[in-house]
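Given the coordinates of chain U, work out where chain V should sit on it, guided by the hints.
Just so you know, the protein sequences line up as chains U and V, in that order.
Note that our numbering has the first sequence beginning at 147, numbered continuously upward.
Note that our numbering has the second sequence beginning at 147, numbered continuously upward.
To be clear, the hints were calculated from the coordinates, so they are not data collected in a lab.
Pairs count within a copy or across copies, as identical chains cannot be separated in the list.
Capping the alpha-carbon separation at 20 Å, the derived lysine to aspartate or glutamate pairs in DMTMM-like fashion look like this:
id, residue 1, residue 2
1, Lys253, Asp428
2, Lys257, Asp280
3, Lys395, Glu364
4, Lys257, Asp428
5, Lys296, Asp280
6, Lys395, Asp153
7, Lys257, Glu222
8, Lys296, Glu163
Only a predicted model underlies this, so the values are computations on that prediction, with no experimental measurement involved.
There are 2 protein chains.
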Amino acid sequence: MTATLIDGKAIAARMVEEVRAEATELAAKGWAPRLVSISVGDVAAAELYVRNQQRQAEAAGLAFEARNYPETISLEQLTGVMIGLNADPRVNGIIIQRPLPTHIPVKALQKAVHPLKDVEGMHPSSIGNIVYNDLALGPCTAVAAVEILKTLPLNIEGLDVCVIGHSEIVGKPIAFLMMGLGATVTVCHHMTRQVAVHSRAADAVFVAVGKPGLVTGEMLKPGAALIDIGINRVEGKTVGDADFESCAKVAGWITPVPGGVGPVTVATLLKNAVLATRMQMDHYSAAFAVER
Amino acid sequence: MTATLIDGKAIAARMVEEVRAEATELAAKGWAPRLVSISVGDVAAAELYVRNQQRQAEAAGLAFEARNYPETISLEQLTGVMIGLNADPRVNGIIIQRPLPTHIPVKALQKAVHPLKDVEGMHPSSIGNIVYNDLALGPCTAVAAVEILKTLPLNIEGLDVCVIGHSEIVGKPIAFLMMGLGATVTVCHHMTRQVAVHSRAADAVFVAVGKPGLVTGEMLKPGAALIDIGINRVEGKTVGDADFESCAKVAGWITPVPGGVGPVTVATLLKNAVLATRMQMDHYSAAFAVER
Chain U
147 MTATLIDGKA IAARMVEEVR AEATELAAKG WAPRLVSISV GDVAAAELYV RNQQRQAEAA
207 GLAFEARNYP ETISLEQLTG VMIGLNADPR VNGIIIQRPL PTHIPVKALQ KAVHPLKDVE
267 GMHPSSIGNI VYNDLALGPC TAVAAVEILK TLPLNIEGLD VCVIGHSEIV GKPIAFLMMG
327 LGATVTVCHH MTRQVAVHSR AADAVFVAVG KPGLVTGEML KPGAALIDIG INRVEGKTVG
387 DADFESCAKV AGWITPVPGG VGPVTVATLL KNAVLATRMQ MDHYSAAFAV ER
Chain V
147 MTATLIDGKA IAARMVEEVR AEATELAAKG WAPRLVSISV GDVAAAELYV RNQQRQAEAA
207 GLAFEARNYP ETISLEQLTG VMIGLNADPR VNGIIIQRPL PTHIPVKALQ KAVHPLKDVE
267 GMHPSSIGNI VYNDLALGPC TAVAAVEILK TLPLNIEGLD VCVIGHSEIV GKPIAFLMMG
327 LGATVTVCHH MTRQVAVHSR AADAVFVAVG KPGLVTGEML KPGAALIDIG INRVEGKTVG
387 DADFESCAKV AGWITPVPGG VGPVTVATLL KNAVLATRMQ MDHYSAAFAV ER
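Only chain U is shown next, with the shape it has when bound in the complex:
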């Protein structure tokens, strides 16, 4: 192995420290950040994830309320819940846990979250604001992947970047976040004729597809940075989309899975929570001209 291993946990820890300081400052102004998590139905698998999220939020000084609604709730009722949370000044961020029952389309629910409380960065206007280089609340995984690249000693302006995977909440947002930073970006996906032609020309490769072993060492330029966003279970182990062994021999930097993008994604959610709280505070102050 020649690649330097990127320590996602250390990057996340630094971000959480910043979040904690910011949360303390906001609390002193009467704006202690508070997240509400919405899950629907009996989702045992998600429960562990939510509890973990809650633990990390509270460790960073954010209040976290986990709500669970019965499987039988309608989209209209749930939209009503959202309207209530949007209007409640004590709620600063709304997290919609997946999976949702099939009668609740996740996009419809995401659109019901007020953009200022959209800590997951999923609302169409949050996505559009990223395109406009107004980098307030972005989708957590995409923002995390880019934050990781920014820690490396690379000049991003003019950097040739290949993004493999063009999902709406990971691949595409990474693409225009990187464009906004001045990189030359190529986005590949399942219809791309030869992914290796593009990946081998790139100084940095992001992969977010969900296929273990998709990226191999021979698809990389020697010394390139490889940010692996995939999370797959193979023979009881969690692995990314890269064939770690062969990639680590060619890449200059590589993220492990687990311990790479994952922890930074959670830290980004918490960072979004304090950002959202600050935006709401500023919005209230402007709207009501209250001195705080």
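The following block gives chain V in isolation, referenced to the frame of chain U:
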């Protein structure tokens, strides 16, 4: 010259026919589409443009009201005007004419337009919806450029596409419109090290920078499609971003400037107007459950 010249006027004429039919149908349901154009200050140059827009809208069967506000209007007053237009069911689309006085930031005004009346496709949530492949109202120039490519006998799935220029309302939206159609897209810009490396590998090149002669024949793959979105004045003539003579010798298809993307952009605005009117009709029907 070996390239086939793409006839933007003919494409626009077909689109306008569809708009006219759709407008007639909407009018029969009590929803005759109506556009309101907002310009601010004494803008002689823009006036000709607005009058031309009005003529074309009316020829397509759309009502068009051109409003001019004095230079002295504040952002707050203009936002108030927008709120009024948003609430008025007789207004289906709002066009903000540029240039605006420096004390009126165009983005703030665009955000004040209700997304369902955003016929220019500039609101962050309109942009975000494109990213989400929800291709309702897109930015006119980007949509027009893509519509032109779609008229060519090319299989867009897997097509290698190079977009030169990464502006928020042209280059980037073209990129994800093309991604949504299955193309492999590379976005180049002023920080890209070697644009020719990317453009020469592409089956289709979009250029939207505003620099005459930027793309030359030797930067193209023989037989590629070249969609030229630039509009520049050179020695009293209107030219695009491509060196037409050398490009036409190499490309398979090429858009002229003028007469290429320009007329299709105007037709796209009109198409957005009938789309917006239909969305508003559907929205009202759903909200008030009125049989029409």
